[in-house]
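Undergrad: The task is to assemble the complex, starting from two chains supplied on their own in separate frames and drawing on the hints.
Protein chains in written order, with the working numbering: chain G, 1 to 382; chain W, 1001 to 1134.
Don't take each hint at face value.
[Stated by the list, open to error] Anything over 10 Å on all C-beta distances counts as not near chain W; from chain G, calculated:
hint, residue
1, PRO3
2, ALA20
3, GLU66
4, ARG118
5, SER122
6, GLY183
7, PRO194
8, VAL196
9, PRO219
10, ALA269
11, ARG300
12, PHE313
13, GLY345
14, GLY354
[Unchecked claim] DEER-style ranges, computed between Cβ atoms:
hint, chain 1, residue 1, chain 2, residue 2, range
15, W, VAL1037, G, LEU254, 24 to 32 Å
16, G, GLU66, W, ASP1032, 18 to 26 Å
17, G, LEU254, W, ALA1105, 35 to 43 Å
18, G, THR125, W, GLY1112, 41 to 49 Å
19, G, VAL15, W, ASP1033, 52 to 60 Å
20, W, ARG1125, G, THR21, 35 to 43 Å
21, W, GLY1112, G, ASP119, 44 to 52 Å
22, G, ASP119, W, ALA1119, 28 to 36 Å
23, W, ALA1119, G, LEU187, 41 to 49 Å
24, G, SER186, W, ALA1082, 21 to 29 Å
25, G, ASP119, W, THR1010, 16 to 24 Å
26, W, GLU1054, G, ASP268, 36 to 44 Å
Because the hints were derived from the structure by calculation, they are not lab data.
Beta carbons: idealized from backbone N, C-alpha and C, even for Gly.
Single-letter residue listing:
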Amino acid sequence: MLPSNIGIIGYGSSVYEKQATRTELGYFADAARAALMSADVRKNEVDGISVSSTTLQPDNAVTTAESFALSVRWAGVSNAGGAGALVNVLDAVLAVATARARYVLCLAGAAQDSGFFRDRISRFTGSIADYLAPHGFGGTNGLFGIIQRKHMETFGTTRAQLGRIAVDQRANARMNEAALLRGPMSLNDYLHAPIVADPLGLFDCVMPCAGAEAILVGPLDRVPPGKGVRVLAGRERHNHPVGEVSPLRGGWELFRDELFAEASHEPDAMDFVQAYDDYPIMVAIQLEDLSFCPKGEIGRFLEGHHMTWDGSFPLNTGGGQLSCGQTGGGGGMIGLTEAVRQLRGEGGARQVPGAKRGLVSGYGMVAYGHGLSASALVLETA
Amino acid sequence: MSPLPQPRETPTNTPMLAAWRQEGALALQRCDDCGAVIFYPRTVCPHCWSPRLEWFRAAGTGRIVSFSRIHRGLPDVFQAEAPIVLAEIALTEGVLMIARVVTPAPDTVASGMAVRLVAPEDAARFPLPTFRPA
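One chain only, chain W, in its complex shape (with noise of 0.2 Å):
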């Protein structure tokens, strides 16, 4: 197990977290109701309140819409990997996530950069879906 800190696992992200775990793959919400695509994921959507939430896998791409390198006040875990980017990321099926982009040149991560999942031999390093530069 990777000692970096974990989600805890519930019956609502366990799809998303065996999706990412086993494949490699990002797994989202759509609501049944009003077709709202979601993540975080969610017992009820948030905008109609629906229960009937389907999970389905998206692209796995997007763009940074903002970011940040974070060199310092990082738990000890991942002080070896600063600078950690980590980014505000507008998904190819138009919803928000904040997740980390992983490159060997962190100086050349810019708003506006077009990302894409980890390989899916890399994901299990990570406890989240991961993005690198397209």
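Bound conformation, chain G alone (with noise of 0.2 Å):
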């Protein structure tokens, strides 16, 4: 179990930007500024770091905190990509339980553009590189249509159920001023887009950007009740289903139980889902394995619900990174600081109403195929 009386207590986004104009540091520097602020904890008092980026090699959280002048007890980096953000904010968590540290700055971002990404992600493993990057595989999207399809040949998905989850995430997203895409769409948009990776048109495709997101781990009490917000249960997942190219899983089914029992919610006392969205396509697997909707009926619960920020089934009420832009890491992390703007009563024009308990999902390091890492944490205000 975890602590009761530690938890997320600050949190803060930098600018997202569609070209980067300064490096890692300056997105982290406006994200962490706005973290502290939010908790009125002084930099002085941070003495733990995590970071999560895909940029930052080789540097990280240690040499992070040498650019940011802070002397840390504790330092962590994060190996699961865009599932690496909510491991980072669990372990320090549990660092501040274990006294290794008292206030924890985790950070997350990338100063990247579409360009350098397209250079980037033809090497971001060592498989990729030797065994996808020389057929020509278009960065990730050919991997994830091929996923995409092998759902709609499977369970009968169709793209007009999956733009759903594009088209009500813009609409949140024209509530959101710091998003890069908040033109609107319709469904008719979303199908009428062209073609990137059949059966993948472009509005399924995360757009790279550079930006930071921060969040800060402390003692709950040193935040007005409201302000705070608890970490009922965490869990990660690596390298599952073992053998499998291209999985219509990705290992959030084999801990959703534990991860619902441990915070004594089932999934529909969840007042919103910000799930990890590279592609609408993952957020369905996400949302089946987590048993939002039983495996395959994906399909038929997106046509039943609205996923606008007042809809029934609030989903990436920030707009999410289809619309908001991918930051690199900070990709596993903008899910998190939406959820904690939210149980903080902050998320003004887009609020849940009501939102006390939430959940957020991060999926990443994409290597043969797929991403490797799936993790979870379920939110609640404290």
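TA: Laid out in structure tokens, this is it:
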């Protein structure tokens, strides 16, 4: 069980930019400043740090501490791509619980643009560089096109059903001034967008961008009631299912029962879900694996719900990565900062009425065919 | 040398690359201890961690499990060949791989379709084992 007196006490997001105008540290600093301000914690009280970034290497959490003139007692770095930021925050809660640190600043983000990403994805992991890029694999779009087609042909899922994710998230983004993509999008727009990697169209594919997110973990009594967020439960899973190349599941299904049991809440008790949205098909697979609907039935589930912030199933209420852009490793934290914003009642024009509890899930570390890493947290207003 | 991106040559994958470049053949590894067939090339068997991996010639045949026709977002050197068909292929030997399927009629590609390696004289055009409809 996780400690009930330790949790998330601050959060912040930098601007998102299509072209990077500064280094990772510039975006981290913006997000971190906002996180400290939201908790009313001073910089020199921070004694732990973690970083999840796809562009920071060869730098890491310790060198980031040096850049920010922080003397820290605990430092962690993610190796789980877009699933890593949630793992970092879970580890930070445990670091504070075991007195390794008192205030841990968790950072995630990247300084990148589409051209940089296109070059980098071809070298993202060794197996991609050697056994996928030489085929002309089109970044990750081709890999997720293979997965989406398999889901469509196995279960009868349609593009019109999956498109509801992208369309409703865009409606959410229209209430989020920070989102890079805020133009109106109808299902017709989605269906008739240029095909990128059949069956994926333009609005299925996340846009790489620059930016960062920050979460501050510490004792919950440091902030007023209603401004802290308790992590009720968290889990991670890597390299499941073993030996498959384009699986229709990702590991969330192995831990969902104990995740919800530890949280003492069922999926229907969640006021919102922030799922990792590099592609709508992966949101769909996460929702199935996390048992919001049975495997293979996501199409009908999506048809039966509105995923807008004021809908029956609020999903990626800030627009998600599909509308904000994907800030490298920050894409694994954007759902968490949005969740904290909602649980503190600071969602502004997109505030989910009465939001007290929610689920955030992560996905990442694409290798030979699919992402290897899955994670999830259940959160509640403290 | 082809302008296409090439795999890094290592002691681990040289037998596969040599079989492809010299003969247009597909070489796979089989674990001497547990019998698993392995792609992509490894230094130890991922199933039983044995280092005793033997190379053998695969039939070069399989079936498409799923696929994508990639039209956009390709590196410049591939753009003239768009759409590129990238497929998950279940090889006759029982192992899964992702590979390119070349055909003058990409619209006719379908899941379940039988595929085999391109003709040996065409192999040099492609950095890695590449398939065509059987």
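Undergrad: State for each hint whether it applies.
TA: Okay, the hints, checked on the actual structure:
Listed as outside the interface, PRO3 of chain G is consistent with that label: its C-beta sits roughly 37 Å from the nearest C-beta of chain W, beyond the 10 Å cut-off. Every C-beta of chain W lies more than 10 Å from that of ALA20 of chain G, the closest at about 19 Å, which supports listing it as non-interface. Under the 10 Å C-beta cut-off, the non-interface status given to GLU66 of chain G relative to chain W holds; the minimum distance is some 33 Å. Not every Cβ of chain W is farther than 10 Å from the Cβ of ARG118 of chain G; the closest lies at roughly 7 Å, contradicting the non-interface assignment.
Not every CB of chain W lies more than 10 Å from the CB of SER122 of chain G, the least distance being 7 Å, so the non-interface label is violated. The Cβ of GLY183 of chain G sits about 19 Å from the closest Cβ of chain W, beyond the 10 Å cut-off, so the non-interface label holds. The Cβ of PRO194 of chain G does not lie farther than 10 Å from every Cβ of chain W; its closest approach is about 7 Å, which violates its non-interface assignment. Not every CB of chain W lies more than 10 Å from the CB of VAL196 of chain G, the least distance being 5 Å, so the non-interface label is violated.
Consistency note on PRO219 of chain G: stated as away from chain W, and its beta-carbon is indeed over 10 Å from all of that chain's, at 43 Å minimum. Non-interface call for ALA269 of chain G relative to chain W: holds, since the shortest CB-CB distance, roughly 35 Å, exceeds 10 Å. Every CB of chain W lies more than 10 Å from the CB of ARG300 of chain G, the least distance being 22 Å, so the non-interface label holds. At roughly 28 Å, the least C-beta separation between PHE313 of chain G and chain W is larger than 10 Å, which holds for a residue marked as non-interface.
Distance check on GLY345 of chain G: its Cβ is at least 40 Å (rounded) from any Cβ of chain W, clearing the 10 Å threshold; non-interface status holds. Distance to chain W confirms GLY354 of chain G as a non-interface residue, since its nearest Cβ pair spans about 41 Å, more than 10 Å. For VAL1037 of chain W paired with LEU254 of chain G, a C-beta distance near 26 Å keeps the hint of 24 to 32 Å intact. For GLU66 of chain G and ASP1032 of chain W, the hinted distance range of 18 to 26 Å is not satisfied, since their beta carbons lie about 49 Å from each other.
A C-beta distance of roughly 41 Å is found between LEU254 of chain G and ALA1105 of chain W, which places it inside the suggested range of 35 to 43 Å. At about 29 Å, the beta-carbon gap between THR125 of chain G and GLY1112 of chain W misses the expected band of 41 to 49 Å. Range check, VAL15 of chain G to ASP1033 of chain W: Cβ separation about 55 Å, and the 52 to 60 Å hint holds. Between ARG1125 of chain W and THR21 of chain G the C-beta distance comes to about 42 Å, which sits within the given range of 35 to 43 Å.
Between GLY1112 of chain W and ASP119 of chain G the beta carbon distance is about 35 Å. The supplied range of 44 to 52 Å is therefore violated. For ASP119 of chain G paired with ALA1119 of chain W, a C-beta distance near 33 Å keeps the hint of 28 to 36 Å intact. About 44 Å separates the C-beta atoms of ALA1119 of chain W and LEU187 of chain G, a value consistent with the hinted range of 41 to 49 Å. Between SER186 of chain G and ALA1082 of chain W, the C-beta spacing of about 27 Å keeps the proposed range 21 to 29 Å intact.
Checked against the hint of 16 to 24 Å, the pair ASP119 of chain G and THR1010 of chain W passes, with Cβ atoms roughly 22 Å apart. Checked against the hint of 36 to 44 Å, the C-beta distance between GLU1054 of chain W and ASP268 of chain G comes to roughly 53 Å, which is inconsistent with it.
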